[in-house]
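Asks: Taken in order, these protein sequences are the chains called A and B.
Okay, so the first sequence: first residue is 1 according to this note's numbering, each after it adds one.
Okay, so the second sequence: first residue is 1 according to this note's numbering, each after it adds one.
To be clear, the hints were calculated from the coordinates, so they are not data collected in a lab.
From the three backbone atoms N, C-alpha and C, an ideal C-beta is built for every residue, glycine too.
Per the computed footprint, the stretches of chain A lying under chain B, defined by three or more beta-carbons under 8 Å from a beta-carbon of chain B, are:
1) 53 to 67
2) 93 to 103
A few chain A positions that, by computed beta-carbon distances, are all more than 10 Å from chain B:
3) 135
4) 165
5) 219
6) 272
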Amino acid sequence: MRPTTAVRARTVTKTFGDVIALDGVDLDVPAGQIHGLVGPNGAGKTTLLALVLGLAAVDGGTLEILGSAVGATRAGGVAGFVDGPGLYPTLTARQNLTTLARLRGHDQGRRAQVEELLERVGLDDVADDRVRGFSLGMRQRLGLAAALLGDPRLLVLDEPANGLDPAGKRRVHEVLADLADHGTTVLLSSHRMDDLAALCDEVTLLSVGRAVFTGPVSKLASESGRLDYRLVTSDPPGTRRIAAGLPALTLLPSTGRAGASADDQALVVRGAGGALDDLVVRLVGAGIALRELGPVVSPLEAAFLALTGADADADTEEPPR
Amino acid sequence: MTATVADAPVRAETVTLGRVVRFEVVKLVAQWRIRLVLVACLVAPALYSAVVSRQTSLPADAVYGRLMDQSGWAGSLTILVSLGTLLLPLLTSVVAGDIFAVEDRLGTWRHVLVAVRSPRRVFIAKTIAALTVTLTLLGCLLVSSAAGGLLSIGSHPLPGLDGHQLGSGELARTVVLSWLTLVAPTLAFSAVGLLGSVALGRSPLGLLAPVGLALVLMGVQVMPVPVALRVALPMNAFISYRGLLTEPMQLDALWIGLLVCLSWTALATLLAYRLFVRRDFTDLANDGSARRFLVTGLVPLVGLAGLTTVLVATTTGATGSGIDRPKLEDAVSRSFANLYVLQTERLHRPAVTVDELQASAECDKGGDLVEDEGAGSGWRCTVRWTLPGSTAVGTAVYQLDVRPEGRFVADGDGPKEVNGFFQVRGPAGDAPNPLWQFDGVVDLLDTPTKGQQ
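One chain only, chain A, in its complex shape (with noise of 0.2 Å):
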């Protein structure tokens, strides 16, 4: 029977000496599909994605890839990096890739490998320069190029999106999405929320070693719940009583929340979407000018910290006045 999974994780941990990396880890990546892990730092990210890539064997539970357990033998059809692209700096681009693929024998058709995927990335104008003198966006490129090569049906890439402009995170984008589409499947962390949701199909949320979400994009953005929402109405007095006056909102300090500052005259509430909806009718009745509203974080971003707990120091309510 053929797999649908790229990648199977159960109950997996991982531990430096005292510290635990990875605390019993469950994660399934369908083939084809393009999965985010995202986390805050030392949530356990990299050490996942380097057990995928064979560099160290987990301490306890399984861990499948294309099939095949994890063990002493390595699965094949994985290629990916972690911790930067690994590139070697006195060489050129195309030397890079081309050393690369003579190591892994690819020698049939190496040249146009190489060069089509060069091409990808968009680093075909510059193949014959050194990598040193490339910018942190040029050398994921020319990472991602060098997983590549090959073919991999597993490509493992730790923010990749890291250094990129604009076009070139495009240019990423595209690529990971076409290969995808070829049934490639793509495991990438990112501490970038727009990126994920751009990309993945699915995300799974770790934090301090566990899997505390696994879902949907979409889904993970419902899991916020109460978000908080930035006001600015021709009658800030007026709206903190109103505001007060719904128990289903609470009112926030304003003051060290992204997007207020100490002087201006905007208001922070946290509350669900149908709570919100009340408030501004009842804003819209009192006569009171609603010149600006929006989430303060977006719901992404929101469920991210929720689930994480890296809100819970911001939780202070502020008294009506």
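Add chain B to chain A, keeping to what the hints say.
Replies: Only chain B this time, still in chain A's reference frame:
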């Protein structure tokens, strides 16, 4: 975007060792530092041999230095001396001492391991690549040093370190063989470089491990340490080629040096291998430590040095400095006799053989109050000989500077007709006087002489 069908399980493709070695060699040769060293190894010895051999002032302190203007091979032998100090350890530092550390500095370990999928194969390939490049550099030094001297002076005979004449063909073979004896210590220092590179990660201390070891061992070499310890250290293998330049050859130190160096190579490589394959490449902070180098690297090597010293002392019976009066008298009289024959030829006098001369020497160190044993510059030897058909006994005096490793320089102290001038005048013109000043070597492990005391 999710595909519903995936292919069958995929097994890891095998990346052959040959491919990994080629990958590593390409990366090494792409470094400007290695290219610079390669060019230097190709050019500098040739230039040195060619230019210095034409000078009036020659590097007399080095073995064969004072003979650089007499044969093109002398330049190669002179350069061989300098390699045994810091040059070869420095070369191994540049190549082997950095071959693992460079991946830490560039952050490319995970990249290499994902591609190769076998830390064991990566280690073997890096080791082979480092040794290949280092031995290539050694080959360049040999070719360059010989070419420079031969093009400048030509291939002429030279006296060995016991004064016997080495013809051009024999000299060529001996020079090449002498260079080959450097392979073993080069391997040993390379292995120490590998160990430092693995154990210390991106720290520059790892890069300097072979040079640091060489400095320590050089310090030991200049001290009056027991002969068993001296020959049981890998540094001694750099100078054991001198035994090839005598007749009969002094091979004990050479074989011991070979075994010692191979032991160091095996142990240091094994320690480096163990450290490398046990390393956790997912742990970013874990790329090496001085403590680990001390505990897992230095302590076992010091233990090996102690063990080999005991073995050498037990198997050879060699004790003390290895330099005593009978050995020195034997070496000086033999060298003198051989060189007297050479001087006779240059002066176009009636031929005489070594046996006919019946040369003997009487040596003393610093007068009656000083024991005639060990290295030092206070040795004075009087050589006596007779000519065929004559009852008269000739005498010549030499001041000796004897080094702890057994090499000595004999400086003529009269009579002036024998060793007073650096040139002799024959019918064909002036020629270098072989008896004016000459190098010799005492076999430190030659125990039978001691038995005759």
